[in-house]
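Asks: Sequence:
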Amino acid sequence: MKKQSARKWILSLLLGALALTGVLPWRAAECRAAEGLPGYQATPYATTAWEQELLEFTNRHRMEQGLAPLVMDEELMAIARSHSMDMARQGFISHDLPSGNLQTRLVRAGYHSEVARENVASARTVRRAHKALLASPPHLKNILATDVTRIGIGVVRHPSLCDEYLYVTEVFTRPIERQPDSMVQSLLEDKVRDLRREGDGPMEADPLLHEIASKSVQSLSVPYDRTQLRSLLEASAGTLQESGKNHLSRLEAVVQMVRNLGNLRLPDRNPESRAKSYGSAFRRITDDQNQPAFLVLTLIGIGR
Numbered sequence: 115m116k117k118q119s120a121r122k123w124i125l126s127l128l129l130g131a132l133a134l135t136g137v138l139p140w141r142a143a144e145c146r147a148a149e150g151l152p153g154y155q156a157t158p159y160a161t162t163a164w165e166q167e168l169l170e171f172t173n174r175h176r177m178e179q180g181l182a183p184l185v186m187d188e189e190l191m192a193i194a195r196s197h198s199m200d201m202a203r204q205g206f207i208s209h210d211l212p213s214g215n216l217q218t219r220l221v222r223a224g225y226h227s228e229v230a231r232e233n234v235a236s237a238r239t240v241r242r243a244h245k246a247l248l249a250s251p252p253h254l255k256n257i258l259a260t261d262v263t264r265i266g267i268g269v270v271r272h273p274s275l276c277d278e279y280l281y282v283t284e285v286f287t288r289p290i291e292r293q294p295d296s297m298v299q300s301l302l303e304d305k306v307r308d309l310r311r312e313g314d315g316p317m318e319a320d321p322l323l324h325e326i327a328s329k330s331v332q333s334l335s336v337p338y339d340r341t342q343l344r345s346l347l348e349a350s351a352g353t354l355q356e357s358g359k360n361h362l363s364r365l366e367a368v369v370q371m372v373r374n375l376g377n378l379r380l381p382d383r384n385p386e387s388r389a390k391s392y393g394s395a396f397r398r399i400t401d402d403q404n405q406p407a408f409l410v411l412t413l414i415g416i417g418r
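Just so we're aligned: the sequence shown equals residues 115 to 418 in my numbering.
Worth double-checking, as some hints may not be accurate.
[Said to hold, decoys possible] Taking lysine to any residue and the SDA-like style, the derived pairs with C-alpha atoms no more than 20 Å apart in a straight line are:
(1) Lys-390 x Ser-363
(2) Lys-329 x Asp-308
(3) Lys-329 x Arg-288
(4) Lys-329 x Asp-295
(5) Lys-255 x Glu-228
(6) Lys-245 x Ala-163
(7) Lys-329 x Thr-341
(8) Lys-305 x Asn-374
(9) Lys-390 x Gly-358
(10) Lys-305 x Val-372
(11) Lys-329 x Met-297
(12) Lys-305 x Arg-398
(13) Lys-305 x His-324
(14) Lys-390 x Gly-417
(15) Lys-245 x Pro-183
(16) Lys-245 x Arg-174
(17) Lys-245 x Asn-256
(18) Lys-390 x Arg-307
(19) Lys-255 x Arg-288
[Said to hold, decoys possible] Each pair of labels, with its calculated beta carbon distance range:
(20) Glu-366 x Arg-222: 39 to 45 Å
(21) Arg-222 x Arg-364: 44 to 50 Å
(22) Ser-300 x Glu-278: 53 to 59 Å
(23) Ser-328 x Asp-402: 52 to 58 Å
(24) Arg-344 x Asn-374: 26 to 32 Å
(25) Glu-189 x Ser-363: 30 to 36 Å
Just so you know, these hints were derived from the structure itself, not from any lab.
Note that beta-carbon positions come from the ideal geometry of N, C-alpha and C, so glycine has one too.
Construct the complete structure from the given sequences, taking the supplied hints into account.
Replies: Here it is, written out as structure tokens:
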């Protein structure tokens with residue numbers, strides 16, 4: 115009896131591993147074709163009750179670990195459900211399908227996030243799918259991630275009688291919250307001031323340098339080139355001379371592209387302790403991954 119129980123246990127583990135890796139040979143296309151239900155012609159279906167059940171399992175496990183529950187996101191639900199539909203049509207699970215990987219699918223849907231994670235699984239019930247995910251360290255890590263706040267769940271079944279499995283997709287994200295320009299500018303100025311204090315000493319915020327930076331950042335191309343930056347500095351120096359700011363010998367410019375202003379960095383160096391003033395401004399752009407970002411220009415005035 116012990117040997118038989120051990121065999122059942124080993125078989126159960128193997129089935130769980132197969133469900134997570136997508137290798138389920140008995141759900142071959144021939145099986146569906148024999149029923150007259152070719153994979154790409156039959157329409158898989160989803161049930162909200164399954165998705166709600168998995169949300170409850172997921173949040174219960176997070177709260178047992180002292181973590182905040184995740185909020186169901188309707189946009190993410192549509193993305194997750196669409197991926198589960200594609201997996202059900204093909205009869206296997208994968209993060210990468212002809213429809214693209216997670217990042218591709220988020221971009222196509224116009225969903226912007228700072229962090230994105232994904233779990234996929236297949237099992238006969240939602241409970242079994244959840245248990246299989248918990249038993250897999252990489253999937254459990256996503257469920258217990260502290261850097262996400264939203265979740266989208268898609269649970270789909272194929273109508274084929276020979277396919278009794280659910281196809282599950284969980285998408286976890288921390289979306290990018292759009293803040294008013296005035297708030298972003300204030301955050302930027304605070305960040306630059308703090309960085310200078312951490313470096314070689316504080317500098318004064320110069321309203322004229324802020325004004326020059328605000329106008330100049332709008333004309334910078336992405337990516338910018340050195341010639342463009344040199345022209346910008348020459349024009350800015352001319353504006354300073356016209357304004358009578360003769361205590362500055364030159365300007366230095368720092369250009370950065372960041373998704374989060376918390377990642378802004380400035381050089382610590384302060385040439386001979388002569389960095390006297392600064393001005394910063396930003397422009398909203400879209401980066402090469404089609405994600406919203408900030409192009410930040412900081413002008414540093416060097417004293418004579």
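Asks: All the hints need checking, so say for each whether the structure fits it.
Replies: Going through the hints against the structure:
Among the hinted pairs, Lys-390 with Ser-363 is consistent with the structure: their alpha-carbon atoms are about 10 Å apart, no more than 20 Å. Note on Lys-329 and Asp-308: the hinted pairing is violated, with a Cα-Cα distance of about 24 Å set against a maximum of 20 Å. Between the alpha carbons of Lys-329 and Arg-288 the distance comes to roughly 32 Å, so the proposed pair goes past 20 Å and is violated. Using a Cα cut-off of 20 Å, the hinted pair Lys-329 and Asp-295 holds, with the two alpha carbons roughly 15 Å apart.
For the given pair, Lys-255 sits about 17 Å from Glu-228 by alpha-carbon distance, which is consistent with the 20 Å threshold. With a CA separation close to 18 Å, the supplied pair Lys-245 and Ala-163 stays within the 20 Å bound. Proposed proximity of Lys-329 and Thr-341 is supported: the alpha carbons are some 18 Å apart, at most 20 Å. Taken as a hint, the Lys-305 and Asn-374 pair is honoured in the structure, with Cα atoms around 11 Å apart against an allowance of 20 Å.
Simply put, Lys-390 and Gly-358 have alpha-carbon atoms about 16 Å apart, close enough for the 20 Å limit, and the pair holds. In summary, the hint linking Lys-305 to Val-372 is supported, as the alpha carbons are separated by about 13 Å, within the 20 Å threshold. Among the hinted pairs, Lys-329 with Met-297 is consistent with the structure: their alpha-carbon atoms are about 18 Å apart, no more than 20 Å. Between the alpha carbons of Lys-305 and Arg-398 the distance comes to roughly 17 Å, so the proposed pair stays at or under 20 Å and holds.
In summary, the hint linking Lys-305 to His-324 is supported, as the alpha carbons are separated by about 14 Å, within the 20 Å threshold. Among the hinted pairs, Lys-390 with Gly-417 is consistent with the structure: their alpha-carbon atoms are about 6 Å apart, no more than 20 Å. At roughly 18 Å between alpha-carbon atoms, Lys-245 and Pro-183 fall within 20 Å of each other, so this suggested pair holds. For the suggested pair Lys-245 and Arg-174, the alpha carbons sit about 13 Å apart, so the restraint of at most 20 Å is met.
Distance restraint check for Lys-245 and Asn-256: the Cα-Cα separation of roughly 14 Å lies within the 20 Å cut-off, and the hinted pair is therefore satisfied. Distance check on the hinted pair: Lys-390 and Arg-307 sit about 12 Å apart at the alpha-carbon level, within 20 Å; holds. Between Lys-255 and Arg-288 the alpha-carbon distance is near 15 Å, which keeps this suggested pair within the 20 Å criterion. Distance hint for Glu-366 and Arg-222: a CB-CB separation of about 40 Å, consistent with the stated range 39 to 45 Å.
The given range of 44 to 50 Å is respected by Arg-222 and Arg-364, whose C-beta atoms sit roughly 46 Å from each other. Between Ser-300 and Glu-278 the C-beta distance comes to about 57 Å, which sits within the given range of 53 to 59 Å. The given range of 52 to 58 Å is broken by Ser-328 and Asp-402, whose C-beta atoms sit roughly 25 Å from each other. In this structure the supplied range 26 to 32 Å holds for Arg-344 paired with Asn-374, their Cβ-Cβ distance being about 29 Å.
Evaluation of the 30 to 36 Å hint for Glu-189 and Ser-363 yields a failure: the beta carbon distance comes to about 52 Å.
Against the hints set out earlier in the document, violations occur for numbers 2, 3, 23 and 25.
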